[in-house]
Amino acid sequence: MTDDARVYEQARWSDDNRYEPLLNEKDETTVDTDTSLPDDLTRDTLTLPDADEPVVARHYTRLSQENYGVDSGPYPLGSCTMKYNPKFTEDLAARDDASVHPSREETAQGTLAVMDRLQKHLARIGGMDAVTLQPPAGAAGEFTGILVARAYHRSNGDERSEVIVPDTAHGTNFASAAMAGYDVVELPSGDDGRVDVDALRAAVSDETALFMMTNPNTLGLFERDVREVADIVHDAGGLLYYDGANLNALLGRARPGDMGFDIMHYNLHKTFAAPHGGGGPGAGPVGVTDELAPFLPSPRVRETDEGYEFYEPAETVGKVHGFHGNWLVLLKAYAYIERLGDAGMRDTSGKAVLNANYLAEQVDYDVPYGPPHHEFVASAGERDALEVAKEMLDHGVHPPTTKWPEIVDEALMTEPTEAETKEALDRVAAAFNGTRDSNADDAPQNTTARRVDQTEAARNPRLSWHALDDG
Amino acid sequence: MTSPYAPHTDDEVRDMLDAVGADTVNELFDVPDELLHDGEFGVEPKDEREVVRHVDELLSRNDDVVEFLGRGSYDHYVPSAVDHLTLRSEFLTSYTQYQPEVAQGSLQALFEYQSMLVELTGLGVANASVYDAATALGEAALLAARVEDGDTVLVPETLLDERASVLRNYVEGAGLSVVEYPTEEGNADVDTVAERAEEAVMVYAETPNLRGVLEENLDALGDVAEDADALFCVGSDPVALSVLRPPADAGADIVIGDASVLGAPTAYGTGVGLFAVDEAHIRQVPGHLVGASTDESGRRAYTLTLQTREQHIRKERATSNICTNQAWLAIRAAVHAALLGASGLVELAERCVEEPRALAERLDGIDGVEAPVHDRPCFREFAARVDDAPRVRDELLERGFAVHALNDDEIQVCVTETNADATDDLVAAFEEVVA
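Protein sequences appear in the order of chains X and G.
So in the working numbering, the last spot in the first sequence is 471, and the numbers never skip.
So in the working numbering, the last spot in the second sequence is 435, and the numbers never skip.
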């Protein structure tokens, strides 16, 4: 295990007070803004950095060195599916003809062709009848799905007031339902970490608009009772929503549509390998059954004898993005699906689940719920999960998601993805296990910054260089 | 066939299965048989070259037209260095900075993005992006609804239909309705705004608006909003704001817009939601905020902050449902702004004033064209009056030029540094089409 002995040191540029200086600390200029516009519309001066390209290039290159990405090392951040992002899709996204103005339609047949084909791929993969590509992220997909559900119920003369969400669900589920004006009913999980079918039966009523579910759930467990869940929700007149954050576990093996889900979103930046970009952009297409297709956002793309065209669904909820969503992310995901094909997609979920099971086996911490699929949640037990995470950083491993879901004490939610080798997983396991008998509270040491004071940041918010007085 | 991005050898797979006590990968799936699918979707695996050729074939169906299109999506030249620097995979393949110690680079880049917007808007706080201008407008109205009494949002009649639709979807759950106010010669009709502001939580104005006109009544609108206890929200973009008065000077509480005018191709409307707000509302901001702090060595370091506003902690009481945002594109906007510098930004903005002015003058010289429709300062684009605007649009398109038809007798033309070279040809085509 020579790999265990390898030492991680992140790049660091520092002086006594800071790391890489801010750009305005290197170069700041105030220019007069003489323009041909009327004076009362314009500012007198503008004060911003005014550095030449070599200075800018070195600045951002150094900043990139002070950042950890999937290409830097293992990144088993649970629920985020930090898989490898193919390089060639970036070249496709950079093409001139991939970037047309959003008002074009007849003269953008190539763009519409990609959209139509991606919609069809996603519909088949999810077992859905119709797909919109417009939502620009997973949470936007949730919001869109909830709007569709609301419009559907209203079309039946049925104003419903509640959305039910399991206690292990992503925080976005709760927030999206609240944004759409629904009361959120939190459903406690059963002892086995899954949906408690009896509790659900007691929770549903003629106020239930939607039940939102993640499968496998955030503990990595497949909800085996999903068909019964669907019956309970449908019998109460509600709809069933699939949060696609964990679809990587089931790619090419099981489909939400076959489980009884009416609405789902896909996270193209997770399952379909578009890069996460330091926080985004993502894309959160939404799939629905035929019955709900008339309510999807406008416009939709369809193929006709003459080519492709946009149209407005009969009872559309309208728009959820100013234009067509994050098109470049759609293109990258389309190319990824075409590259993998059916067999590659099925292999992806197989290796993702194999990796999570293998890593769970190698980790010395207790994993209270199982069997896992694409991810597992270990418990740091007596240790603070945050301290465990900070120690893992020193081993060149991005730590798991910490302290969530809350039903596991000191949770370490771990999703290795299919992209890690056995050797890399052994290294992650060693990083995990090395923290077990430690009581260090001064990690990390080997990262660009040492432990960052979160309390100070929140107590005295300094959110721009104008607010700094530390030179 | 295995995934080219799952690097296991067959021996490794066997070792790993042994370690977990399974014979096959399939048996690791705790899925009832009746829910299993064979994964046959009809997609043949391809090698990388084949996919590139396939996508090349599809995208080659996009016609080669010269776009004089704007209305919310604008093309500026993106320097090559933006690609080279932001495609560095440490930026591109990372995610939200939950572990700030290994994410100083993207945190600092986003802090710099926020700082540039603070300078440009004159407001105290800018977030690390939302999706686009339309969703930023929705978030602004929801923020206003949390801090002000009322049940309407006032927007100009010139607001893009698509943005109005997104706004209605965002605010309906909060019990707000969207009410339009008229404009005169492209300017807000302040008296009507004043009459309608009583019930409003927010008054919204755009400069430039979707007809390219710079709003001249911002101060009056700011006063009206303040008198009515409504927030004042201004829509703009970082290029225009490089020369315009900071909206905060006119009393703006919020500035929204699309920062994708910097650093991003038009990309079918891919946006970067600019969201800046007065410091008084710092705890109401949607999305990620990067703040400065110190680390254990006493050096300045950056971290996501005030996270108790956000969905992963506050759930249904969060300020927004947003999680994944447009961070990489925000960094690209910051890199582009850094490459232009203050002087380059001002030059670019001046060009956005001069090019449309010059083009409008030339079009106005053609019999049958009146341009601009509003004799007002314009930015990037302007409306022109013609007979049968849809026909003019279609015939220009046959000649390889794309413009907007706004209605039966107005077209709209957008010109920046990227299509200015083609204005001679556009003018010639206009002469043919209108003659």
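Do not take every clue at face value.
[Said to hold, decoys possible] Heads up, incomplete: computed chain G residues facing chain X, CB under 7 Å, no partners named:
| hint | residue |
| --- | --- |
| 1 | A6 |
| 2 | R53 |
| 3 | Y77 |
| 4 | V78 |
| 5 | A134 |
| 6 | V243 |
| 7 | A267 |
[Said to hold, decoys possible] Have a look at the derived ranges for each label pair, beta carbon to beta carbon:
| hint | chain 1 | residue 1 | chain 2 | residue 2 | range |
| --- | --- | --- | --- | --- | --- |
| 8 | X | Q454 | G | D229 | 30 to 38 Å |
| 9 | G | D425 | X | W13 | 21 to 29 Å |
| 10 | X | E186 | G | N26 | 31 to 39 Å |
| 11 | X | K26 | G | D425 | 40 to 48 Å |
| 12 | X | K26 | G | E296 | 19 to 27 Å |
| 13 | G | E48 | X | K403 | 34 to 42 Å |
| 14 | X | D437 | G | E296 | 18 to 26 Å |
Hints were generated in silico from the structure; no laboratory data involved.
This one's a predicted model, so the numbers in the text were calculated from it and none came from an experiment.
Yeah, the Cβ is synthetic: ideal placement off N, Cα and C, and Gly gets one too.
Results for each hint:
no., hint, verdict
1, A6, "holds (4 Å)"
2, R53, "violated (11 Å)"
3, Y77, "violated (12 Å)"
4, V78, "violated (10 Å)"
5, A134, "holds (3 Å)"
6, V243, "holds (5 Å)"
7, A267, "holds (5 Å)"
8, Q454(X) to D229(G): 30 to 38 Å, "holds (35 Å)"
9, D425(G) to W13(X): 21 to 29 Å, "violated (50 Å)"
10, E186(X) to N26(G): 31 to 39 Å, "holds (35 Å)"
11, K26(X) to D425(G): 40 to 48 Å, "holds (43 Å)"
12, K26(X) to E296(G): 19 to 27 Å, "holds (26 Å)"
13, E48(G) to K403(X): 34 to 42 Å, "holds (40 Å)"
14, D437(X) to E296(G): 18 to 26 Å, "holds (23 Å)"
The structure is inconsistent with the numbered hints 2, 3, 4 and 9, although it conforms to all the rest.
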